[in-house]
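Student: Use the sequences and the hints to build the structure in full.
First residue of the sequence shown: 1, per our numbering; consecutive thereafter.
Don't take every hint at face value.
[Stated by the list, open to error] Quick list of in silico lysine to aspartate or glutamate cross-link-like pairs, EDC-like style, CA-CA up to 20 Å:
no.: 1; residue 1: K182; residue 2: E254
no.: 2; residue 1: K956; residue 2: E908
no.: 3; residue 1: K374; residue 2: E443
no.: 4; residue 1: K1006; residue 2: E1043
no.: 5; residue 1: K87; residue 2: E30
no.: 6; residue 1: K936; residue 2: D899
no.: 7; residue 1: K17; residue 2: D428
no.: 8; residue 1: K929; residue 2: E908
no.: 9; residue 1: K1001; residue 2: D1012
Hints listed in this document are in silico derivations from the structure and should not be mistaken for laboratory results.
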Amino acid sequence: MPEPAKKTASAFTKKPKTTEVVEGDTAVFEAETEKTGIKVKWQRAGAEMFENEKYIIKAEGNKHSLTINNIGREDDATYAVIAGSSKVKFDLKVKEPEKSEAVLPTEAVCTPMVSESPTPAETQPAECSKSSEVPAPAPEAQPELPLDPVGLFVTRPQDGEVTVGGNITFTCKVAGASMLKKPSVKWFKGKWMDLGSKVGKHLQLHDSYDRNNKVYIYEMHIIQAKMTYAGGYRCEVSTKDKFDSCNFSLIVHEAPATGDMDIRTAFRRTSLVGGGRRIAEGHEDGAELDFSALLKKSSFLRSVNREPKTESQPDVDVWDILRRAPPSEYEKIAFQYGITDLRGMLKRLKRIKKEEKKSTAFLQKLDPAYQVDKGQKIKLMVELANPDAEVKWLKNGQEIQVSGSKYIFEAVGNKRILTMNHCSLADDAAYQCVVDEEKSFTELFVKEPPILISHPLEDQVVMVGERVEFECEVSEEGAAVKWEKDGIELKREETFKYRFKKDGKKHYLIINESTKEDSGHYTVKTNGGESVAELIIQEKKLEVYQSIADLTVRARDQAVFKCEVSDENVKGIWLKNGKEVIPDERIKISHIGRIHKLTIDDVTPEDEADYSFVPEGFAYNLSAKLRFLEIKIDFVPRQEPPKIHLDFMGQAAPDTIVVVAGNKLRLDVPISGDPIPTVIWQKVNKVMCNTALGSPVSTLDTNDFTCCFQCPQLLSETEGRVRVEMHEDHCIFIIEGAEKPDEGVYRVTVKNPAGEDKADITVKVIDVPDPPEAPKIIDVGEDYCTVQWQPPKYDGGQPILGYILERKKKKSYRWMRLNFDLLKELSYEAKRMIEGVVYEMRLYAVNSIGMSRPSPASQPFMPIAPPSEPTHLTVEDISDSTVTLKWRPPERIGAGGLDGYNVEYCKEGSTEWVPALQGLTERTSALIKDLVTGDKLYFRVRAINLAGESEPALTKEPVTIQEILQRPKFWLPRYLRQTLVKKVGETINIVIPFQGKPRPKVTWTKDGQTLDAKEVGIRNSTTDTILFIRKAEHHHSGTYEVEVQIENMNDKVAITMQIMDKPGPPQNVKIIDVWGFNVALEWKPPQDDGNAQISGYTIQKADKKTMEWYTVFDHYRRTNCVVSDLIMGNEYYFRVFSENVCGLSETAATTKTPAYIQKTGTIYKPPSYKEHDFSEAPKFTHPLVSRSVISGYNATLSCAVRGSPKPKIFWYKNKVDLSGDAKYRMFSKQGVLTLEIRKPSPFDGGFYTCKAVNECGEAEIECRLDVRAPQ
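Tutor: Below you can see the structure in the form of structure tokens.
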């Protein structure tokens, strides 16, 4: 049966409670739901209620109420309120208006505890009869007791009261008409004391059978009652397949003094329930004195001298009220009905709740709850008393209809089975099985499979103030997850800081504005796993990838200031001589990604100034200067040789022009000459293009570009990436998107008739570095690793400023930056890793231009640490050539596990350590052999795992290889220092440790004789000796000596062993005398006492008519006794068992002749009767019933037969005799015949015949057996 699962949280914040209302009044039940808008239903006895004049149903927001007007007796029922999957049950109790009737005291009346008890005016029943001198009256004088319609009892024992010294009899009757075998009845006092072992002078148990009414009668006689006999009692009756029990109480009163009230009775913990009925607590402390009541009020003591006053109260069952009430109402109810002993009340109430009411419709009800995994199937099964009864199955009060393959209804014999396939969360509900007016309730809990994390969390590194979003994906939609930070759960109350979000299978933890305190490890947990990620919050730090540069431009040209920063979200302002630049049609400010631009069209002399870019939130700026170039041309009406003015800024001409790869190179070269010279651009010594004046400019794929002009005429611009543009007094050399091949020396030549001029310009293209090679992990620790790398092959034309290192988990896609300050060295120790997690590393090279592309990832690695050193290294044993070492595992092993241990030794004065064993050993001990006698050696042990070796555990002092002589000595266990007592048949295993070196010789003897190896097993080792006897016998008793000897030294110990068995029967049991109702017996002790002292005897008697034995005395120590209280006219046999510590003897000694108890003064002469012939042919009194069983489960066929003499029984299958078939077992007990078929298969189906034969005739009966395959 599946275990009941834990219930989900209720949808109700306020639940309706059980209410008791007087007939004719109005009752109001209120409930509040956790959320508004939830549909709420009200039910009465499982059926839905609708609003009318009697029932008023209201709903306002999350408050709901049910009002019942003009309450009548028919409204006394169980109600329920349902919201979603939550259901709350409550009861409405309707009581009649109070009646003011005088009720007589019932001090002397023994009334039953149930509410259907007779009125106080009735006389005391015979079951509670009391007498101080004579036995209880005959059964014929008893008034008729009420029958018990439920369970096995026809009549249950009733509560009783008796005075000290008096007698009382409790009687119960059990219906025997439908029983094939006599039921078993036990009497208990309190919870566990079995009174069957307490039979004696003050307690007698009797039973009889009324053949006319077919009723078993069981009686318990309490003789000369004492105060300690008061308390709760229980009677249990059980048969093969049924069980019933009944509780009752006994109150013992002290004999009150004449004219005085029994003060202890006044203080006894009792409760007045209903019309003055006194109910004692059903426990052994029921008769204790409640002295705490003396401290209540002094008026109570004054009331002792007055006559007790009986109040008029309605006759209600307070225990029934307590059973239905919630625990919070117990104290209120106890105060209302005058119960002062709350502890006793709770004990009794707990016992009452355990008593199950026996059902007449159900032999086996549904279990209180079932649990099933989602998607699986579940079977609900009940067993009916009537196989033909109609059954209805309800779910949340609605009848279940047959629909496809979801629900399957089965009827197998008297069993009814409801099978539900493919259980879903909608099947999590309350179910009922209804037979006539009886119901069996259960709840089904559908358990969802464990939620697995399919996509784990990823580590994140953010800046202060940025938004953080952790994302994970689970295996089920709508699953519940728990978020933790550094082991502390993040709850909904912290929504101002954290926000939780669900989107199907994805779950998010969002931190809108992160702070430094948010750094740590975040965990998401489900019922099937967890995932951990680290969040690192860094202070904002802005890096400048490209700063703005000084510009020199001509009039009407365009000036562009550009810078690039690391954060694309950073905004900023542009300043001109400290004042903010306001954009207009000529001045434009742009921000695209990480690039900020200030563009000035049609530059004028007023634009010459210092320009700065200030990022918002950072305390620095980027500055550059704009210079305005004003060119003046003087007309000279004569020829002027051409000249290239590279020193136009009043400075020396630059040797090298540096351009960043990808940027535009624009080189303005002023020239002069008259007439206008021809300009030729060349790269190195290759002419780019040498064309005549007025010829077109060459295309892009040529290496030389020529720009020539004769008159002030602007030539059209050349298309292409590398080009030359000509103007009247200067030429412009342009490279769009500079590349590495564009590097080199460019020569510009100007010619005219007056001469020529040349100039060389070196262009250098710089870029970001190439990506470095994959880093190498050279050292790994518990939570750190050391990373090493080489510089990139190409540094981009600029020195490498440093490196940026990143890491990620092997199965993750997100890289986390480890440093914000550039690493100058070629190695780095990365920390704060999780041991046992696989990581990868990569890095970037950074120069003044920017970052390179990432390097390839390193080989995956796992942070693990070597274990700590082994502990408690000790030398356990030394011989002339061997040493035995022992140690304990390291205190810290780590995620890398433990591969083994390396054991080494070193001679004193040497530094060379020699391996003591080949390879590693996984054990924590080692035997080192082949050592040289007399050497002094040091030993050390290292633990080894994937991370390497631990620190060594070293012996403090050198060990001398030499056998140590140790005197032999036994260490005898404490339990062997006294006589070892065992029973016959038990196993004996004695282990005696000893010491001694070299290995001593061990010798065992018994009573001075050597032990027989066939009966006793001896096993010796270097440290102990073992004596083993598989099955102890009497002759194994005696004194065993064991000796250890080394040369002339020895030690001895002795062990005494006593093997006991059950004694034999007593000898010569005789009837010495018979007088009145008494018989005197005498016997002799048994010949075999079982090797133990006889502790007593058990004497039993049996009526000659029934030969049923009853114990008269047990643990009786004398060898003679007198059996009293025998019944006149009966003959009795007696038998005696002997007893020792092993138990009673297997057989008993029985008197050879019976003892006849005759009436005094009369002699009975039995009449002579003709002997009656009781011979009868076999006849079946109960037929075989055809059955249908399931394959694989044992099946039985039963019938009953009578006949005299006892008939022989034969079983047949399809007319074939089954006597020799081991698959079948036949039983016959008191006329009941049973055939058991072991695990039948479909081939075992057929017709089975039972045949009974005796000398008077024969009879046979047949049935059919169908065997079905399991579904």
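Student: Starting from the hint list further up, note which numbers the structure goes against and sort them upward.
Tutor: 1, 6 and 7
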